[in-house]
Each structure stands twice: as structure tokens, then as C-alpha cells.
Amino acid sequence: MQCQVCKKAQAKVHYTQIHENQMKKVDLCDACAKENGINDPASFALTEIVLGLGASKKLEDGGGAPGNAGSEVTCIHCGFTSADLKKSGRLGCSECYGTFAEALESLLKNMHKGTQHRGKVPPNARRAIDLEARILQLESELKAAISREDFESAAQFRDAIKVARQPGAPV
Amino acid sequence: MTPILNFLIPTTDACRRSGPQDKIVFSSRVRLARNLRGAPFPGHAKKVDRVKAFDQLMPAVSRLPQAAPDPYAESMDKPTAQEKQILVERHLISREHATKTAGSGLVLNQEETLSIMVNEEDHLRMQSLLPGLQLHLAWKAIDEVDTCLQEQVEFAFHPQYGFLTACPTNLGTGIRVSAMLHLPGLVLAEQINQIIQAVSKLGLAVRGLYGEGTQALGNIFQISNQQTLGESEQEIVERLNKVVLQVIDHEEDARISQLEKRPNVLFNQIGRAYGILSHAHTISSNETMNLLSLLRLGVDLGLFPGTPRTLVDELFLLSQPAHLQLGRVEKLDADHRDVVRAEMLRQRVKGVSTPDHTKTTAKTESI
Ligand SMILES: [Zn+2]
Ligand SMILES: [Zn+2]
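Residue numbers (my numbering), protein chains in the order written: chain B, 1 to 171; chain G, 172 to 538.
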């Protein structure tokens with residue numbers, strides 16, 4: 001039996017798990033099993049492999065926006081490339097999430113419950129997020145004021161947004 | 172003895188720790204993944220960057236009030252390969268971390284309830300490990316550690332994606348909540364696959380802790396969350412806790428129904444397990460795990476009055492390769508290990524009285 005990941009070596013590790021009500025069987029060679037942490041039952045998640053395979057396919061299919069088809073994206077902060085991402089399913093640095101945002105989007109949607117973080121927030125990020133929320137709120141109020149032709153309020157909201165956008169603005 | 176072996180709690184004491192629901196739940200674990208802002212993740216970092224992260228994190232982590240007093244704090248080139256394996260068998264480090272050397276580190280508190288890996292797949296992998304079902308407490312403990320560290324170091328964080336991790340499967344909360352369960356009743360009643368399916372539908376994963384494929388050696392299963400982004404830590408912990416409580420109920424029911432419907436089958440299996448464990452002269456790891464599971468079930472059912480469950484738990488640990496190798500100069504090969512394992516088991520099970528099925532307490536009270 002052939003390894004499902006590299007499609008070269010003989011599959012020696014066979015793993016079955018029920019995922020979303022479906023039996024998934026994965027046959028891997030020793031090297032690919034090791035690479036996917038399958039020899040580590042404590043950290044291994046089959047979904048990682050299943051989704052990981054889907055993910056690399058997705059990256060191949062939609063690789064690059066129209067116009068730069070075939071061109072490889074590289075993270076300017078750490079030198080990680082889209083090929084590295086495809087190969088490892090991992091990222092090189094925190095900035096990579098910006099660099100590969102497009103490729104990651106659908107992947108994350110399939111992988112997680114949502115694509116907006118709803119957990120713990122560090123104190124300094126909390127301030128930035130609160131500010132962002134405030135600006136969003138002001139913008140929607142601005143829109144509403146314009147649509148009801150209340151230009152006086154609209155001007156106030158516009159000014160408030162300007163103030164909020166200034167660096168070091170109070171929240 | 173070397174520093175780490177000296178530091179670790181003796182197996183007997185380690186297994187004697189108890190917690191709520193520990194008849195069915197071995198342990199509860201909550202792990203958080205964190206990374207330094209602006210630094211490349213360990214897997215992609217050059218040696219200088221890895222060392223820089225190590226030098227920044229090790230002092231901060233080893234001085235955590237939660238790790239006090241006198242934690243073990245060492246670079247991963249200090250313990251030998253065998254000692255690292257001991258740490259893996261005790262669930263204190265991951266297999267991946269056992270392959271690390273200089274540039275990676277480990278901080279462990281004396282109770283072994285807090286373990287922090289530096290430069291594993293992420294800059295920090297911090298876990299709280301408690302006996303029995305104590306997921307909320309484990310979360311609280313590791314949350315405090317994380318909050319404390321956030322006052323000293325800046326973690327990579329994105330307003331939409333949350334805490335940024337090397338692998339997108341950990342993104343957001345970076346949390347992995349898991350419980351390790353002993354489910355012989357559900358396996359004997361052939362209900363385990365139904366349970367696994369039901370639990371998977373909730374976005375949780377169930378897998379055997381030992382062994383490959385569908386077989387779960389020793390009937391030991393781990394239930395953990397798969398998704399880390401899009402819900403809060405509390406929601407994840409609560410959902411897992413609820414599911415584990417339900418699985419416990421099903422396991423209790425399965426044990427009672429097996430006892431009512433097929434007492435001979437049950438007593439036969441437990442009796443044979445006892446016979447082999449106390450008389451074998453060579454025994455594989457796989458067989459040992461499965462027989463120990465039956466012995467543990469026998470203890471739960473009251474067939475071995477005077478034998479504590481913790482003895483069986485210790486045997487699970489002592490049967491693992493690195494623990495068998497402990498204190499021996501010559502390197503054991505697989506065949507020799509099976510002989511040594513059988514010898515250890517004969518000796519330890521010798522003190523256990525023969526199973527007495529008339530003593531079962533199961534019918535009168537909840538098992
Ligand atoms: Zn392969
Ligand atoms: Zn990068």
C-alpha cells in the first residue's frame with residue numbers, strides 16, 4: 001500500500017478515526033507519519049492531516065491571485081514561502097498570518113468554529129480592539145446620519161472618527 | 172541520581188494523587204500555545220533566534236510564582252534520551268519536545284502539575300495537569316500562569332486571529348483541553364464506537380492514548396477539543412467537561428449492564444488477566460496494557476478488596492519502556508524488555524489477593 005501523503009513510500013502506519021461522522025482511514029509511511037506527529041498520540045489530530053491535505057490542495061488550486069499566478073509568496077519578515085507552508089502546514093513567524101492571509105482564510109473557516117477570536121485578549125491588544133470597535137460604531141452612526149440627511153450629526157461623527165483614528169487617541 | 176530523576180516524584184507517590192471522578196478519569200490537562208511577538212517560530216528560526224527566545228523566556232518562566240518553590244528548569248540537552256522518554260511516559264513533555272536539545276528548555280514545578288516547554292513547536296507550550304476530572308481548575312491554573320507572563324513578555328496576538336501559533340490548528344486561544352479516560356465497560360459492551368461518533372459530532376476528538384489504528388490499548392481514551400478559534404476558553408472547557416461527565420455516565424451504565432447480562436464473561440476476563448499478570452515470564456507491552464485495564468476494572472468492581480486502584484495505575488507507568496529501563500545499565504532490547512516487564516509484574520501483582528467475584532460491590536451501590 002502506498003503512502004497517501006508522499007505517494008512514494010510504502011505505507012506502514014494505518015490510522016482510523018471517526019471525524020464528523022465519517023470513518024477516515026489514513027495510510028502513511030514512517031517518515032510522513034512522523035512529520036504529521038502521528039507517532040505522538042498526545043498531540044496528533046487526524047483532522048490536521050485530513051484538513052492539511054485539503055489545505056495544500058486548495059493552495060495549489062487557487063495558488064496566487066490572478067495576474068501573479070505561479071509566483072510564490074514570501075514573508076518579508078522571516079523568508080517563509082508559500083511552498084514551505086504547503087509542505088509543512090505550519091507558518092514561519094507571526095507576520096506570516098498577514099502574508100498568507102488569502103490562502104489561510106478558507107482553511108481556517110473549515111478548521112475552526114469561527115474566524116474571529118473570542119477568547120482571552122492581552123491588555124495592550126484589548127485597548128486597540130476597543131478602539132476599533134468604537135470606530136466601527138461611529139462609522140455606522142455616520143452612515144445612518146447621512147441617509148436620514150442629518151448632516152449636522154454626520155459632521156460630528158466624522159470628526160469623532162478623525163479623533164479616534166489619531167495615534168494615542170483616548171478610548 | 173541525575174537532576175531530573177532526583178527531581179521527579181517517585182512513581183508510587185505520583186500515582187497516589189487523587190482527584191474527583193478518578194475511577195474513570197485518569198487526568199485532566201489544559202495546554203496553551205504562545206509565541207513571542209516579532210520572533211520567528213522555533214521550527215523556522217535560525218539558531219541565534221532560537222537561543223534569543225530561550226534566553227528571554229527561561230528566566231521569566233522559571234521565576235513564575237506558580238512554578239515556585241525551586242522548579243526544575245533546564246535546557247533540553249541536559250536530560251539523557253532515556254530521561255526524556257521518562258518525561259514523555261509521565262505526560263510531562265510531548266514526544267516532539269523529547270527530540271529537542273540545546274535551545275529548547277523545560278520548566279517543571281515540584282508537584283508536576285505545571286510543565287512549560289520552551290521552544291517546542293511554539294515558543295511556549297504551557298500545560299496544567301491534574302489528577303481526575305478537574306478541567307476548570309486546570310484552566311484556571313494555566314490562565315494565571317499566562318496572565319502573569321503577559322506582564323513580562325509580549326505575545327504575538329492578532330485582533331481577529333487571536334494568539335498566533337506555528338500551526339493554524341492552534342490559532343486563537345491556543346488551547347488544548349483534554350481528559351484521559353478508562354473506558355473498559357464501553358469497550359466490552361461494544362458501545363465505544365457510538366460514543367466516539369457522538370463526541371466527534373461536537374467537534375471533539377476521541378482517540379486511543381496508546382497504540383495505533385482503531386485499537387486503544389488498555390481501553391484508555393483521550394477526549395480533546397479540535398477547534399481553538401471562534402469560541403472562548405471557558406466555552407471550550409465547559410463543553411469538554413459536560414461531554415466527559417456524560418461519557419462517565421455511559422461507562423458506569425455499561426459496567427452495570429455487563430455485570431448483569433454477562434457476569435461470567437466479565438469475571439472470566441478479569442480472572443484470566445490476573446492469572447497472566449501474576450504468572451507470565453514474558454509479556455508484551457500491548458498485552459500488558461489490556462490486562463492491566465481488566466485488573467483495574469476488577470478493582471473498581473470490588474473483586475480485589477484491599478488493592479488500591481493506584482497500584483494498577485503505577486503498573487501502567489512502570490510497564491512503559493523507559494520506566495523498565497530505569498536503574499539498569501545494559502540497554503534492554505524488545506525481547507529482554509518483555510521478560511523484565513513480566514518479572515516486575517509478577518512481583519507487584521503477588522501482593523494482590525486472588526479475585527473474588529462474590530465480593531463485587533457493584534450491584535448494591537454505584538460501581
Ligand atoms: Zn509518505
Ligand atoms: Zn513570516
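Treat the hints with care, since some could be wrong.
Straight-line C-alpha distance at most 30 Å; calculated DSSO-like pairs for lysine-lysine [claimed, not checked]:
1. B:K113 / G:K413
2. G:K249 / G:K217
3. B:K86 / G:K249
4. G:K311 / G:K194
5. G:K249 / B:K113
6. G:K218 / B:K87
7. B:K12 / G:K502
8. B:K87 / G:K372
9. G:K521 / B:K109
10. G:K217 / B:K86
11. B:K109 / B:K87
12. B:K109 / G:K249
Derived contacts from chain B toward chain G, CB cut-off under 7 Å, selection only [stated by the list, open to error]:
13. S94
14. R148
15. A164
Facing chain B, a subset of chain G residues (Cβ under 7 Å, in silico) [unchecked claim]:
16. P240
17. D241
18. A269
19. T270
20. T272
21. A273
22. C319
23. Q321
24. Q323
25. V324
26. F328
27. Y332
28. C338
29. E402
30. T529
Hints in this document: simulated from the structure, not taken from any laboratory. All residues carry an ideal CB built from backbone N, CA and C; glycine is no exception.
Taking the hints in turn, this is what the structure says about them:
1. B:K113 / G:K413: The given pair, whose Cα atoms are some 18 Å apart, holds under the 30 Å limit.
2. G:K249 / G:K217: Since the Cα atoms of K249 of chain G and K217 of chain G sit roughly 21 Å apart, the hinted pair holds (cutoff 30 Å).
3. B:K86 / G:K249: Violated, at roughly 34 Å.
4. G:K311 / G:K194: holds (23 Å)
5. G:K249 / B:K113: Violated, because 40 Å separates the two Cα atoms, which is more than 30 Å.
6. G:K218 / B:K87: holds (21 Å)
7. B:K12 / G:K502: Holds, at roughly 26 Å.
8. B:K87 / G:K372: Satisfied, since the Cα-Cα distance of roughly 29 Å is no more than 30 Å.
9. G:K521 / B:K109: violated (56 Å)
10. G:K217 / B:K86: Distance of about 20 Å is within 30 Å: holds.
11. B:K109 / B:K87: Distance ~20 Å between K109 of chain B and K87 of chain B Cα, so the pair holds.
12. B:K109 / G:K249: Answer violated: K109 of chain B to K249 of chain G is near 42 Å, above 30 Å.
13. S94: OK, holds: S94 of chain B within 7 Å of chain G, min 3 Å.
14. R148: With a minimum Cβ separation of about 31 Å from chain G (threshold 7 Å), the hint on R148 of chain B is violated.
15. A164: violated (15 Å)
16. P240: Hint violated; P240 of chain G Cβ to chain B Cβ min 27 Å, cut 7 Å.
17. D241: With a minimum Cβ separation of about 27 Å from chain B (threshold 7 Å), the hint on D241 of chain G is violated.
18. A269: violated (9 Å)
19. T270: violated (10 Å)
20. T272: At about 17 Å, which exceeds the 7 Å cut-off, the nearest Cβ of chain B leaves the hint on T272 of chain G violated.
21. A273: violated (21 Å)
22. C319: violated (12 Å)
23. Q321: holds (5 Å)
24. Q323: Because about 12 Å separates Q323 of chain G from the closest Cβ in chain B, which is outside the 7 Å limit, the hint is violated.
25. V324: violated (10 Å)
26. F328: Check passed: Cβ of F328 of chain G comes within 5 Å of chain B, closer than 7 Å.
27. Y332: holds (6 Å)
28. C338: Result: holds, 5 Å to nearest chain B Cβ.
29. E402: At about 5 Å, which falls below the 7 Å cut-off, the nearest Cβ of chain B leaves the hint on E402 of chain G intact, so it holds.
30. T529: violated (38 Å)
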